[in-house]
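Listed below are the residues making up each chain.
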Amino acid sequence: MSERLRSPGARRALLLVGLVVLLIVPYFVEAFWLQVGLFCIAAAIAAVGLTLLVGIAGQLSLAHAFFVAIGAYGYSYLAADPTPDIADAPAGLGLPPVVAMIGAVLLAGVAGALFSPIAGRLRGIYLGLASLGLIFIGQHILFNATALTGGFNGRDAEPFGLFGFSFSNDNPDDLVVLGVRYGMLERLWYLGLALLALSWWYARNLVASRPGRAMQQVRDSEVAASVMGVSVPVYKGAAFTVSSMYAALGGVFLALAFGRIVPDSFGFLVSIDFLVMIVIGGLGSIWGAVAGAVLITALPPVLQRYADALPLVVEAGGDGLQASQAARLLYGAAVVAVLIFAPQGLAGLGRKLAARRTLRPPTTKVQPKEHTA
Amino acid sequence: MNQFFTALALGLSLGTIYALIAMGFVIVFKATNVVNFAHASVLMLGAYVVATTSDDLGFYLAVLVAAVVCAVAAALIDIVLVRPLRRRRGGIDALAILTIGINVVLATELTRRVGTDILPTGAPWGRDTVEFLGITVPQTRIAAAVAATILMAAFAVAFKYSDWGIAMRSTAADPETAALMGVRLSRIAAGAWAVSGLLAAIAGVFFTSFPASGVTTTTYLLALTAIPAAVLGGLDSVVGAVVGGLVIGVAVSMTTSYQGDLAFLGRGLNEMVPYVVLLLVLLWRPSGLFGSKEITRV
Amino acid sequence: MIRSTRVVAGWLAAGVVLVGAVAGCGGKGEESGGGGDGGGGGDTAQVKTGPGVTDSQITLGLLTDLTGVFGALGKPIVQGTQLYWDQQNKNGGVCNRQVKLSVKDHGYDPQRAVVQYRDLSQNVAALQQLLGSPMTAALLSQLKTDQMLSVLAAWPSGLLDQEVVGILGATYDIEMYNALNFLKQQGQLKQGAKIGHIYFEGDYGESGLEGSKRFAEENGGEVVEQKIKATDEDMSGQVAALKREDVDAVALSTSPTQTASAVGVGAAQGLTVPYAGNGPTWDPALLKSPAGEAVKKLLFVSGSTAPFNKDAPGPRRAAEAFTSKFPKETPKVSVQLGWAQGRLMSEALNQACENGDLTREGIVKAFHEIQGTDLDGLVAGPLDYTNQGEPASQVTHISQPADAPGGLKILATAGGNESQ
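Chains as they are written, first to last, in the working numbering: chain A, 22 to 394; chain B, 16 to 313; chain C, 1114 to 1533.
Okay, the calculated bits of chain A under chain C, using three or more residues with CB under 8 angstroms as the criterion:
id, region
1, 54 to 64
2, 173 to 185
3, 279 to 285
4, 319 to 326
A few chain A positions that, by computed beta-carbon distances, are all more than 12 angstroms from chain C:
id, residue
5, 119
6, 124
7, 127
8, 135
9, 211
10, 226
11, 238
12, 248
13, 308
None of these hints come from the bench; they were simulated from the model. For every residue, glycine included, the Cβ atom is placed at its ideal position computed from N, Cα and C.
Put together the whole structure using the sequences plus the hints.
Encoded structure:
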């Protein structure tokens, strides 16, 4: 497994500092950054699920956006008012938001379990490409089942609430903390952090647990796994189910961060994005998936925001390289560079960096010769 | 009945273009184990080169130039970017994702160049059609079918009898033995990529000529519709690519033609249908119609 | 190992830049007091101001697509708007203030649009352009909360009852109805005509479909539907299906490439009936396509915005500005649209200035006082925004493709009094 920093104390202190920084963020940053942050969190939760599936269990899936959609639409449907006040708005079941969130996650779990016989029958790249089918079927349903999904224009997501506290701009209406108004974005930030922490914790435990090790065995060799008494179809199915539930939780939070969801947010390219996130992060690494998700989600809007300060990039509307094109180019180049130069992704780089620090000799001139392990 | 045969003719002619693209996927996969998503933007590159040079060079010369440009581009992609990863025994997933990255870069640059324009390819067929027994088919599609058939036949012959073909088949069967027998693996690989680039260029030209209106910023999405064709035939079967292409072509054409009768399934089915067909076929035969089973052992 | 060191350094540098950027924003406590209805203490005028408005400057946002699937539409609109405000600023701006445009390119990605809106929402007085119906849908409730007047680059009838949404002229349903009605008056369509309608999924197509259905209903005819997606390029199947139904006319609510395909295939397959298109079906590049000749004979385009070469003071000014700034680019109707949107916004700002209220609420209110102007001929008929829920105009230009700058010649203005 990964190397540890030398002293657990230093590690803990670092973690604590990081946590404190994350907790006070909403006090300082503007709406733009919070919104970017919320989307990053949503992507990160879903990406952790995908890295469990692809990196740990070795099942390539291009259908992740489909399960994210189930979470987002499932939540929106379960939580929405049965008799909406706006005419032609799609109705729902009117469940409390917490129940709706859990319901949406379970729903996606069921969908993942239903897909697992297919997943059990197919292998490798065939599984990945076949799972693309789910995306296109999903898109078709999202566009056409208007009564459920609102069709092309999507449907509103009910704000989340817990014990009477609403994660929206009202109820309590004016929540001011030390002179800063805590509206929807600020409140959702904390909810997101909590959900992300939960996802992280569960994923770490899963990987270290017996079922987690069994999944890795299935990845490494199905034959060897079944010889060792691991039921391959069961663990493949379980991996799909768990990963779908992660996707759905990410989807629920995505719906909350959006406030309104439309089918375009769950298409083919989004699935590709998820795959790229976990590859850039380093397959199978949980913090790598989170880092990859943050990078891929934040890069385009951040680049655009500082487009005028960047060389080679022109102002929006001008002739030449647009910021969003620059972001696409960087995205593509990053994928290529990571795969060729750092196949372990960000996680691998982090590990190397940590290792280098311990190995650094007194004079910087002489670099130790490393052997690739 | 006329409706059925019209849709069938349109579907088969569309299917030959899918088949060309799918063959490109398959040849690369067979030779190098790469599911090449960059195929999409190489196809756009071909169409773009034809559209921008056909005014000066004439259509046929422009197609030739495009074929060469795409062959070189695809071979370069292999040599410069894919080979290093292949050398390090990058897994099949990693290789596929690498080509996604390459595709993004290439497609972004191409769409930037196309900008706000619609670039017609200047194909000499214009919007002429051929009528036969009450079925009307655009001449472009006849040309596509003829060109595709010739290319497929030529490729089949080359594959069977030429040194390159034999070397490639033996490489696909057993790379280590082939290498021991003196087959230059890297050259075989680059050659396969070049052939797929050439096929992509031709397919790109036909895809953007009438009845489509020209090269636009979304042209690179066209090749993605051929992915199901390549997969359902079996990723390592050239015959499978052709059959897959035709099946998908007919399926798309039929759903469009009978859209009115299928309205209860929702409208706009044609985008989903290739993938539904793919899922069903894979459930029946997990390695595609003609794919070899071993190929999934990674 | 040198290689990976460099990579590490690269990532680190990127990280430092990011952190620096975050830190640069500073605390936000002070900032939230910046907007509001503080009332301009300056000596320029007794005008109440809100976010995006200072004593010398008004900032307007454009949330558009420059690089995504609708980039070909968005870019010329942005150019048109920029040209308009360049000229206007030279003439002293509006309300003694210069107008600054903040352009954001969402690339047709709803998520990016939402993020960018967060940025814009704190710094602009109104949205001069909002392109893309998924983005509009995703942002609508936020727009309402912020009282952000948003001029759409679209004409969906479904959004007419939204107070904050500004639609320039007649909606898609009216465009289509007018086109078909024009064909009827010309004797090309008879009572009981059967109309085949190829339309986009979403707002655009569905709104257009309302128009053809209304026409069919009034004339005892029927509509045969063919729904397509933005990515479909080959209309052979759709046209074959319509030909089988033996339709008397084809209605198109599609993109330009699909228009070319539909008309070209139709002409080739012998479906030589009139083709009635919504405004966005047209792009001058179609004249160069294989369908060029067929399009000239068969297509009729109906839209509110003036074609590029319309002979009226407004369009002429826009055309001159465009050809002198971008002599090499193809002139498009979207340039006029962008210019007209700028013009419409300046009407609203002027009205708000007169009312002494340049807050967002004030601008929305002023917008709904606009009445009786056709923006010097930039749109087909006088606009009236006082009846919320009603389209601002019933009149559209009916044009046909021709070899002219912008590729269209006007045949008539249709709709309005005679149709009611």
